[in-house]
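**Student:** Sequence:
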Amino acid sequence: MKLYLLSLLGLYCTAIIAQPQDVSVVFHNPATHFTESAPIGNGRIGAMLYGGTSTDRIVLNEISLWSGGAQESDEPQAYEYLPHIQQLLLQRKNIEAEALLQKHFIAKGEGSCRGNGANCSYGCYQIFGDLLIKWKDTLPVQNYSRILRLDEATAVTTYQRNGNTITQTAFADFKNDIIWVKISAQKPFEVAVSFTRKENATLSYLPDRIILTGVLPNKEQQGMHFAGIVALESDGKMQKDEAAITVQNARELVLKVSMSTNYNYTNSGLTAVSPLETAKAYLQTANTDFESALAKSKSAYQELFNRNRWYAKANADTQSLSTLQRLENFSKGKKDALLPILYYNFGRYLLICSSREGLLPANLQGLWAEEYQTPWNGDYHLNINLQMNYWLAEISNLSNLTEPLHRFTKNLMPNGRKTAKSYYKAEGWVTHVISNPWFFTSPGESAVWGSTLTGGAWLCQHIWQHYLFTHDLDFLKNYYPVMKEATAFFQSFLIKDPITGYWVTAPSNSPENAYLFPIDSGKKVAAHTCIAPTMDMQIVRELLNNSIKAATILKVDDEKITEWKKIVENTPPNRIGKKGDLNEWLDDWQDAEPTHRHVSHLYGLYPYDEITPWDTPKLAKAAKKTLKIRGNEGTGWSSAWKINFWARLQNGKQALLLLHQLLKPVSPQKLNGEAGGTYPNLFCAHPPFQIDGNLGGAAGIAEMLLQSHGTDNTIRFLPALPHHPDWENGTISGMKARNGFQVSFSWEKHQLQQATITSLQGAKCHLLLPAGKALYHNNKCLIKARKKAQKVSFDTEVSASYYIK
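As numbered in mature numbering (1 follows the signal peptide of the UniProt record, and there is no 0), residues -18 to -1, 1 to 787 make up the sequence shown, in order.
Don't read these hints as lab results, they were simulated from the structure.
No experiment lies behind these values; they were computed from the predicted model shown.
One or more hints might be untrue.
Said to hold, decoys possible - In silico DSS-like cross-links for lysine-lysine, where the CA-CA straight-line distance does not exceed 27 Å:
1. K180 / K201
2. K537 / K459
3. K201 / K537
4. K603 / K635
5. K219 / K201
6. K773 / K600
Work out the full structure: start from the sequences and follow the hints.
**Tutor:** Written out as structure tokens, the structure reads:
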């Protein structure tokens, strides 16, 4: 069986080496916009390469470079207004409750400055600077090519000009932690290299290096310090002036870019360590040649990227096309079996390049930003966006990259405890919709969107999911207190609704959405504040159930388990409305915007598994009705979420339709609106660019191919495989399933042919064995084939493999 898979993979690999359409983002022209540039990164530092032939722009980023700083954002006496707000809500006087909430139950001061926090205490993620390479020779070029290789983590630009072949290769070093850019040519060339930043920075030019230092604003206080160095190595002559270093008569130029800040990852404060000295230290460590550094970096990167690979036969018609041309053809219905694979690989590439152990998690733009005021501060949105960034990690064999997310969650606790006391007089910890490297946990500055209080509880879902995929008991012991304290918040905060008798959250809202509330005049007005929105109660049940399971495994908190079970039993269940859809609120109110981008009340379908086609068919039918009412249009991340929904409903046709919607080509000039789609460099067009659409979309593709959720985490192969020619055949290696399994499988004519299940922890395996397939171990048949698919369970041994054939 192993030989079969290896030989099959070898055949596909041979085709891919010749035509790497599944791992190449291709451009036929230099970038004129950020959304046409090629992203590279190593989790801490990154760059966007424009590939210009007269002046080349390279945007530089460092994941911790934030303006602002820690702030006292809680209203310390807000809890005094809580009983009145809750009483109004229990009396169904929602309009009055929302007005009181807006007056007394929002963040203290400016909050996030409504998403424009660059010069506020909240701050924003910012561009580090621009590295510019200006060519003396600006004659027209021929045979231009720019390729981002996802399997190598390199960006290569080549072209001919005036009889000279020029090649630029760039990568973010996974070993030495600097950016490398090498320019080589057959004939001598001349360029001027400069480093720029429009504000809050000072530049100095030395004979062979450029130094940038600066301090970002933090209201009246001093903000973050940062420093960058561009070191030049060349066989040509280098000469500096006040604005550039000119390199003459060179056939080779190597730029080594080092960046650092004084952000303290341990306590979220600022250290006394000089970022300039740190940047110098990175360069000293990288005392090697370009080729050696590239080989070692590539090896470190490929250890992650090659864990999980998906192969299919290439289409000869796409060999000479740019990625934008492929997107355009795909949107017109033309065949391109490797484009979904390219998008999947791009998602994994982006996650590897923007998330690394010990650092901050990927933000709204992952790692890449060209602005000084990034959209929505480039922060951490906790009502789906940050979580969506990491949906892909576990299933695609990148579990270790979730460490920044888990540590970020734990680091929210100290501020979250203060917020729980200030607003709710509650135990435990809570956080709301937005956060930053200073671990902001207060409500947002508007009751319309800022009152959602399940951000921390949702983050705890990722803690439990990491345990399910890895069965890492030490990890669970370390993070169980985070779950327990999040549970303690709801245990002390929930109140009983006298009308329904259920224990409910109050006040809250369904993220960024509104309902039509009837008032005395008989009219209806849009309102947001409510009790027990469906998503709240789904998350509360999930958090408590996961805490119960964790406590049982760890053999702790027996008395708490009893209390938590009672709460779960008394929460409002999912309910079906008069339209046959799932209610978004406790009452069956009319939607103010039926096609709203958030579909928060289907949290129970995905990422939670409270709703499944096999265990709760009526609720699954209601979820399907909800999705039909919402429609297929939406922002990039919204389309990505809908792919996951439809995959969980096992509807591959509809999931593929949404994938086409997500891959719809969008002009690089389009930076506003809510059309969704994909930019020429494969960045997701929210618009503007948000990385959650890329990562959530790739997660949706994974969910179409493999599922392992539900009561006993049953492994299901190809649960939502579209019956489309592009998806007819394929081979996948190294996906992960819950309960600690790694799986590889192949299919032909839309039917599973072979599969290998490797047990990493020796757990019991639950499997939906396809019709006509048997299960083998050590050449012995464990379970015989049947005419119909059968749900089977079997014990496994650590590191043992089990085969379906």
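**Student:** It remains to establish, for every hint, whether it holds in the given structure.
**Tutor:** The hints, checked one at a time:
{"no.": "1", "hint": "K180 / K201", "verdict": "holds, 19 Å"}
{"no.": "2", "hint": "K537 / K459", "verdict": "holds, 11 Å"}
{"no.": "3", "hint": "K201 / K537", "verdict": "violated, 48 Å"}
{"no.": "4", "hint": "K603 / K635", "verdict": "holds, 16 Å"}
{"no.": "5", "hint": "K219 / K201", "verdict": "violated, 45 Å"}
{"no.": "6", "hint": "K773 / K600", "verdict": "holds, 21 Å"}
Violated hints, in rising order: 3 and 5; the structure is consistent with all others.
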